[in-house]
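Q: With the hints as constraints, model all of the structure from the sequences given.
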Amino acid sequence: MPTYWLQIKRGTQLVSNTRLSGGRVVLGRAPECDIVLNGDGVSRQHADLIAVGDDWLVRDRGSRNGLIVNGARLVGDHPIQPGDRIQLDIFDLSLKKDAPLAPRARPVVAVGDGNYGLVRTMHEMAPPRLEAKHLADLLAFSSTLLAADTLAQRQRLLCELMTGKAFHGTAAMLLRLHRDDATLTPEPLGEPVLVAGGEAAHISRSVLQAVLTSETAVLAASRPTPTGGAVDVVKMSVAASAGSRVAAVACPLATSPERLDLLYVMLPGSHGTAEWLALATMATSLSRQAEDVWAARQAAQQQALLEEELRRAHDLQMRLVPADFVADRVDIAFGFVPCKGVGGDYVDAVTMADGRVLLVAMDVAGKGMDAAIVAGGLHTTVHICAAHGFALPEMIRTLNRYLMATWETSVTVAASILDPRTGAIESINCNHPNPLVVGPGGQTRELLTFETIPLGFTDFEIETRSDRLTPGELLAYYSDGLTELFDERDAMLGPEGVTQQLSELRAALGPRPDVPAIRLVTQLHQRLADFRGKASPSDDVSFILVLGRS
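Position one of the sequence shown corresponds to residue 1 (this note's numbering), numbered consecutively onward.
Just so you know, not all the hints are guaranteed correct.
No farther apart than 25 Å at their CA atoms in a straight line, the calculated lysine-lysine pairs in the DSS-like style are these [stated by the list, open to error]:
id	residue 1	residue 2
1	367	534
2	96	165
3	9	96
If you are wondering where the hints come from, they were derived from the structure by calculation, not from laboratory data.
A: Right, dumping it as structure tokens:
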């Protein structure tokens, strides 16, 4: 079956050569496309390449600027053949086709045994004299590698360079040696590249042993070639043909404790000199650099995708934080800062059908995306319970059973139902920091709650405790991200520190506060930031501030 490639150019600059696979390839500007083309005139999902048997056709996906195929604007589907030109905004695309490989009647690689003579590496040889043309070819080769977006393409480009007219190789291949293989039988990495009419490649075990031992480039020849009176090559154990002189270069590409990957090139005997060893060494060095660049590109693309997903998740979670609001005699505002973009803290206030307000502060064990997913499920469950008028114990029981049935995690909860007309409040605390009530003069006390274990472990008896929020008092629900906040000296704020911050915050308002609760949220965030200084946040920070008014 033939192999198809899509060549993409921007003007005269080669952007990439991409092997086409699967039944459909999507082109566009969006990161999720199979081939991403960054251009102002490229739609997010611009066009499809669709496999039909052994051929391909192109289809516009309703893009804003359309496609031009062979000079005509595309209407409907259009079969494309190798050499057809597709214009997509600033990009020129053309289809390339590799003929199917014919079956081989004889082995591609023959390995011979024998002892090798004296090994010569680059630093042991006479200084090479390189031509400017070869250096220019290597620079062009480097650019080509950076435009080829598959490893197989880049490996073949290296072998084709070595067997091209400028470098005179008769065969080039990539091999893998396993260090624990006493027979030194190489594993081919892809198909070798042979010049037209050339013989199957012959590999010398003596050369393989030399490169494996030294882990540096080695040059060998079928018989010594003197340069300036010095022997510059090692005697090969196998020649390609009896009576002919040949040379071989073996250059390491990648090494590990288990194996060594290398480039192996057969050359005419006249090229068994330091110059050709230097050129092959430089080419393999450029290949290694290209792989580093491609690895960095892929890591950067993956990081960009992860950051985009995290940004979207952050936006979605921030939508779950309710807007600040006033209900009768109470003013309610929220603070929420996840330490990893998203987090497991959850704060909410839901007005029930009878006018009372359900207040909920939760903290899912753990941080990051997993905890945020659990928090999202809790948000949905809380709103369903509130919409159906569940009593507070019934809601807590429902949340607990949901967690035990769905997630292997625990959640702390401080929850209350507040009557904003009278200030009456009933509360439950499942191992969350107990809410604080702060009086006009800064005096503090804990809200009366029924205290029990976290959710997610087992069923338990649930009751409530009653209290009252009077005009002028500040009620604060908060997570342990406040109590466990650390400063630059690694000192923790602690429960006493949180109490002090809230006391000072309320006392500064005077006996009859006339500022909205949202301003208190801003001031508390600033106080926490001042305490933390340059220390990195270690946990999510969330709180609810409820200010009673007369």
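Q: None of the hints should be skipped; say for each whether it holds.
A: Comparing the hints with the structure gives:
Simply put, residue 367 and residue 534 have alpha-carbon atoms about 21 Å apart, close enough for the 25 Å limit, and the pair holds. As the CA atoms of residue 96 and residue 165 are separated by approximately 23 Å, the hinted pair is consistent with the 25 Å bound. A threshold of 25 Å between alpha carbons decides the hint, and for residue 9 with residue 96 the separation of about 13 Å falls inside it, so the pair holds.
Every hint, counting from the list given before, is met by this structure.
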